[in-house]
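Chemist: Protein chains in written order, with the numbering used here: chain S, 1 to 349; chain F, 1001 to 1279; chain U, 2001 to 2324.
Heads up, some of the hints might be wrong.
What the hints assert, rightly or not - Now the in silico label distances, taken between C-beta atoms and shown as ranges:
#, chain 1, residue 1, chain 2, residue 2, range
1, F, A1199, U, G2224, 55 to 61 Å
2, F, S1265, U, E2212, 33 to 39 Å
3, U, P2115, S, L104, 54 to 60 Å
4, U, A2050, S, L195, 48 to 54 Å
Claimed, not checked - Below, a list of computed lysine to aspartate or glutamate pairs in the DMTMM-like style, where the Cα atoms sit at most 20 Å apart:
#, chain 1, residue 1, chain 2, residue 2
5, U, K2157, S, D73
6, F, K1139, F, D1108
7, F, K1249, F, E1207
8, F, K1182, F, E1094
9, S, K230, F, E1094
10, S, K231, F, E1188
11, F, K1085, F, D1108
12, S, K230, S, E288
13, S, K231, F, E1207
14, F, K1085, F, E1121
15, S, K231, S, D167
16, S, K230, F, E1073
17, F, K1182, F, E1207
18, S, K231, F, E1073
19, F, K1016, F, D1108
20, S, K66, S, D167
21, S, K230, S, D245
22, F, K1016, F, E1121
What the hints contain is simulated information worked out from the structure, not anything from laboratory work. Think of the CB as a built atom: it goes at the ideal place given N, C-alpha and C, for glycine as much as any other residue.
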Amino acid sequence: MSARRSFANWLIFLCVLHGIVFCAGFFAPYDPAEQDRTSPYLPPMRLHFLDMQRHLHLWPFVYSLKLRAGTFDQYEEDISAPVALRFFVKGARYRLLGFLPCRLHAFGIENGRIYLLGSDAYGRDQLSRILYGGQVSLLAGLLGAGITLLIGTFIGALAGYYGGWRDEALMRIAELFLALPWLYLLFALRAFLPLAVGPLQAFFLIVIVIATVGWARPARMVRGVVLSAKKRDFVRAARGFGATDPYLLRRHILPATSSVLLTQAAILIPQYVLAEMTLSFLGLGVPEPMPSWGNLLSSLQQYSVLVSYWWMYLPAVVMVPFFLGYLGLASSLHQRGQPYKMESPALGA
Amino acid sequence: MNRALNDNHDLHPILKVENLVKQYSRRNLASEREGVLALAGISFAIMPRTTVAVIGESGSGKSTLGLCVASLESPTSGRIWFEGKDVGELSQNERRQLRSQIQLIFQDPANSLNPRWNSLELLIEPLVLQRKINRDEMKRHAHSLLEQVGLPPEILERSPMEMSGGQRQRLAIARALALDPKLVILDEALSALDCSVQAQIANLLMELQINLGISYLFITHDLAMAAHLASEILVLDRGMLVEQGTTEKILRQPHDETTRRLLQSTPRMIRPAHPVWER
Amino acid sequence: MRYLLRRLRHGFLLLIGVSILAFLFAALAPGNYLDEMRLNPQLSPETVAALRAQYQLDRPLPVRYVAWLNSTIHGEMGFSFAYNSAVAPILIVRARNTLLLTSVSMFLAWAIALPLGVWSAERLGRLPDRLLSWGTATLLVIPDLPIALGLLVLAVKSGWLPSGGMTSVDYQALSPLNKLRDLAEHMFLPVMALVLSALPLLVRHVRAAVSEVLNAPFLLAAVGHGIPRRTLLYRYALPAAANPLISLFGISVGALLSGSLIIEIVMSWPGIGPLLLESILARDLYVVVGGVLFSTLFLVLGNLLSDVLLYFVDPRIRSESSAT
């Protein structure tokens, strides 16, 4: 398959995934903060098409869960009460994409609550939390990557184009940033910023922290492109016509960095999502009650949760298709630049 | 613009170079700094409406010479006079005007023409940069430039990647002519072309010299082509000017070892009657 | 030789630079550190006064930095408010554990990745190679956090391996052989997690580097000379691919160190990772700086090692360096 087709396919795949997450209000049956203290750690409800009499129903349904007799934390299906799944139901209010008020949900049930992916300690629906949490984590990744690429491009272009002491100084500083293993740098930066802040501030704080960690490598790559573009004859020719530096950068040199930036974006975004998850998992990132994939996993730090409630592990699994999509994108971008190599791996941390 | 009739300027050189030195510094594999002396003190002059050729092997410094004369590299030391004025002592504004007077045409048009642009944008870029044009006259100018180099007007919509090598180089020449230069430096401008195309472009260049009164500094490793086009030849070896003189003199009585070597390696015979070639 | 000395000096300057950077980050900390300390019930007023004198805590940043530098030269690296002792002794023990973990993982990862990559490069494009590529791609998309958690769940559910810590309770009472066995048992999971997270990229890069060399003209010429396959691979191809591979080695050290941070925390391996987390939450400034510095030290050492290897393997660097 040509690199172009491959790139388009991966892009579509990613857009669909992101679309589902960013329309979390629609796909999630409930508000992520809605609690039900009577149903802590409910296992995921299974969808059935065959009922007890082995009749095939066209419509999926679930059984509500009740406590198994004699236990206080083991659940089983209450087969006397099948509840049909309904699609396009009206439910809790939410704002689609942050501004459109809406009440339509993809699915839901009449009475009670449906837990397709189980519930947590407070009875909150995990599916809803994962979808909304994805918004936070993905946004952190996208925003962070955007900021890093902006900083990196600016510094790289400055260093590569003007050279001299600016280049030396900037690249030495970049080297310092690269000398630290990135997670340690992330921690060091996070360490000294206020720990107990509100969710929104924490979000922006960690986006900035994450973005600051990774500027060095894109800066170096942009510098490389600028250095070689600077020497290309069409740049020299333009200078021969009297072009000024800003003109050259704007019209000839920076457009040449586009492919490098795109590839870097495809590599950085999943890395940054992972960074947010790691920070939040350890309690250094987005705090409760705002869900994020990282802090959804933090309950796994308790031994009992880790062992007994396997569905709490699902946020870790959910990010895998996203990573796959970004990896595929990076691979196809790399292939576009080198059509004669068999397969070029994307470079990691 | 026809300068061919103006006799006054013929007495003074349009370009004079004195003791041009250029040194680069670079980093080698072990990350250490080392100096490279590209030009070790070159002096020569070009008269109006003539062609001077600079020949030498790779690494002889001839491209660096072209870049320095075109003000695309600043010399480490030495002086350059254009039309009697010292280039090094020009003001910012005068320097900009100078840019339109000296143009450089590069070896590989695939490299010297931005592949992401189309021909129209490429052709008018110099005019846009020198602010000599408004948008309405764009196409008109472009058409007249294409005419001068013998390209069809449909070319304007295409990008350089969609043209043949010869067409690309013609486009590069057209672009260089846009600002009405008095001196055009050709840095191996014919070397990347096929033989037959080389002849065509060479003839075009001669035509343009007669019609427009342009001087050429023709940089090449091809002695035969240089002898065909130029009235004066300079021979460079590792940054030093080892021989200099009219074409006749160089071909008939080469003094320097480098020149002799270059002569002997020339496959094409220009004047087969000369006994010196038979050695 | 001069090249190596230069690299050494470079690494040393890098460490100094990083320590300054870390201190600059520390300057971001809001509030007066001194006030926070005074509120700490564990520290007596005399201790607070002594610390203030020694580390110049109420003075501007450059002065504090110099005081810290001074204490580092004397082997203390500052003071830990949480542990109520000098930083260095705490750090060194933890650093040793991290070093143990990462070096074993590095060794294993490369020991697996090299032959696998070479094997894959030999069979480029054919079924075994494609299967391996799929395998590495799958592993590549699973980040280290889920891998670590997953392995932990496995350990806990199966009960085969201890699920945390470095040694068992009765470690000291064991015989040397059993001590080793105990250590290995505890190391197994974290090492496996690290190796699994590092392996896919390593294999891919080795494969890419070797396959490029295998297509080189000089190797085809050697085939034409009838040189046997094994010799071809190991005495012709591999040395030629050594340059990019050794650079890869330097980069992989950094990636592995980052990975070890989170894996140590998840699997309760007593390395720098858990200490760093603790001290961040406790706002123990000097421990954080020290921990970050140690991790950089390991990275710099790793890069130095790869520079040394490069010097001995690549004749171009040797000749360029001696020519000056």
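Chemist: A separate judgement is required for each hint: does it hold in the structure or not?
Modeler: Now the hints, each set against the structure:
Remark: the range hint 55 to 61 Å for A1199 (chain F) to G2224 (chain U) is contradicted by a beta-carbon distance near 42 Å. As the Cβ distance of S1265 (chain F) to E2212 (chain U) is approximately 36 Å, the hint placing it in 33 to 39 Å holds. Distance hint for P2115 (chain U) and L104 (chain S): a CB-CB separation of about 56 Å, consistent with the stated range 54 to 60 Å. Take A2050 (chain U) and L195 (chain S): their Cβ atoms lie about 27 Å apart, and the range 48 to 54 Å is violated.
For the given pair, K2157 (chain U) sits about 18 Å from D73 (chain S) by alpha-carbon distance, which is consistent with the 20 Å threshold. Restraint check for K1139 (chain F) and D1108 (chain F): not satisfied, since their Cα atoms lie roughly 25 Å apart, outside the 20 Å limit. The suggested pairing of K1249 (chain F) with E1207 (chain F) is violated, with an alpha-carbon distance near 25 Å, which exceeds 20 Å. Taking the CA atoms of K1182 (chain F) and E1094 (chain F), the gap is near 15 Å; set against the 20 Å cutoff, the hint holds.
Between K230 (chain S) and E1094 (chain F) the CA atoms are separated by roughly 24 Å; this puts the pair beyond 20 Å, and the hint is violated. Proposed proximity of K231 (chain S) and E1188 (chain F) is supported: the alpha carbons are some 17 Å apart, at most 20 Å. A threshold of 20 Å between alpha carbons decides the hint, and for K1085 (chain F) with D1108 (chain F) the separation of about 31 Å lies outside it, so the pair is violated. At most 20 Å may separate the alpha-carbon atoms for a hinted pair to count; K230 (chain S) and E288 (chain S) exceed this at roughly 49 Å.
Distance hint between K231 (chain S) and E1207 (chain F) is unfulfilled; the C-alpha atoms sit about 31 Å from each other, more than 20 Å. The suggested pairing of K1085 (chain F) with E1121 (chain F) is violated, with an alpha-carbon distance near 33 Å, which exceeds 20 Å. Taking the CA atoms of K231 (chain S) and D167 (chain S), the gap is near 16 Å; set against the 20 Å cutoff, the hint holds. For the proposed pair K230 (chain S) and E1073 (chain F), the alpha carbon gap of about 13 Å is at most 20 Å, so the pair holds.
Only pairs whose Cα atoms come within 20 Å are accepted, and K1182 (chain F) paired with E1207 (chain F) is accepted, the gap being roughly 15 Å. As the CA atoms of K231 (chain S) and E1073 (chain F) are separated by approximately 11 Å, the hinted pair is consistent with the 20 Å bound. Under the criterion of a C-alpha separation no larger than 20 Å, the hint pairing K1016 (chain F) with D1108 (chain F) is inconsistent with the structure, at around 27 Å. Simply put, K66 (chain S) and D167 (chain S) have alpha-carbon atoms about 68 Å apart, too far for the 20 Å limit, and the pair is violated.
Among the hinted pairs, K230 (chain S) with D245 (chain S) is consistent with the structure: their alpha-carbon atoms are about 10 Å apart, no more than 20 Å. With a CA separation close to 34 Å, the supplied pair K1016 (chain F) and E1121 (chain F) exceeds the 20 Å bound.
Violated hints, in rising order: 1, 4, 6, 7, 9, 11, 12, 13, 14, 19, 20 and 22; the structure is consistent with all others.
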